[in-house]
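Undergrad: Sequence:
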Amino acid sequence: MTRRLAEVAKYVGVSESTVSRVLNDKPGISDATRSAVLTALDVLGYERPTKLRGERARLVGVMLPEMENPIYPAFTEVVAGALAKRGFTPVLCTRTVDAVSETQYIDILLEQTVSGVIFVGGLYQQTDASHEPYHRLRERSLPAVLVNAAIEGLPFPRVSSDDAHAVDHAYGHLAALGHDRIGLLLGPPGHVPSGRKLAAYHEARRRHGHTSPELVSHTVFAMEDGHAGATRLVQQGATALICASDALAIGAIRAAKRLDLVVPSDLSVIGYDDAAVMAYTDPPLTTVRQPVEAMGQAAVALLISQIEGHAVPTDELLFEPELVVRASTGAARAPQPA
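Straight run, no breaks: the sequence shown in the UniProt record's numbering ends on number 338.
What you were told as hints is all true, and nothing was included just to trick you.
In silico DMTMM-like cross-links for lysine to aspartate or glutamate, where the CA-CA straight-line distance does not exceed 25 Å:
no. : residue 1 : residue 2
1   : Lys-10    : Asp-25
2   : Lys-26    : Glu-16
3   : Lys-257   : Asp-282
4   : Lys-85    : Asp-42
Keep in mind the hints are simulated off the structure, nothing from the lab.
Starting from the given sequences, assemble the full structure and let the hints guide the process.
TA: This is how it looks when you write it as structure tokens:
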């Protein structure tokens, strides 16, 4: 008991007697101090006293599909900072292929009586995945926010980058450079954001009057798969590629080099996300910048409103991304004379 008091007191920055008063539910302690002590118990792995276990911890789960893609650490930084300012401690949950699954993380978070969960990508974006864990969150009335395009039928607040706007601007940029054989490198079939990008691609082709065969490849979000997908599209005649992530775009640039093509002289490439390092690739990547700061702040605001008992709309909030033109796009080559 003494060790627990000392650890919690040190973590919070209060005296051991203050911690003891909180644990014994004594009066004379501010709400802020009481919440900080209870959160420290949760973070340090100590059980709350029985009479205090019914209260939700001031912890918020932040669910991430991975950390290798720099866009996810960027989102995490914004979300964690905004939560900390409101007195909440983020609990990072990163899915891996051979370790803890998203469903298992949800079970853990429910056991820890967290105050809510922010999902920055996950199975809610896949039409062919099981969505039962999300329905359990709803049944338990646990506040949650979904970032970037969920399937229909999940009644949670949603914050998304406008995929249609992104593809429209990217396609228009390439068309203005003279390209009409524009390929699209997407995530897997059934991935909702990729489906939205594909619909926008169809519309952009129609609007620009491009009648050449559609050039579309579905893959997973990894550089190696971007390399393979881009190779297929280039072999089918693409002179420019719109990629659904920066990782896919980097893979596409590698594919071009392997095929002895020069970017952008022979192949123009556009990414999606604008992670911090994209200005320093070779060549610097033209990409669509997700408004990470605005989206992260909005996600936290929606979650806190739910935690405080306020009704929030479940309509999707769309944020406008920005096309950042760098050196990986250029004018289409003039057709060679017969």
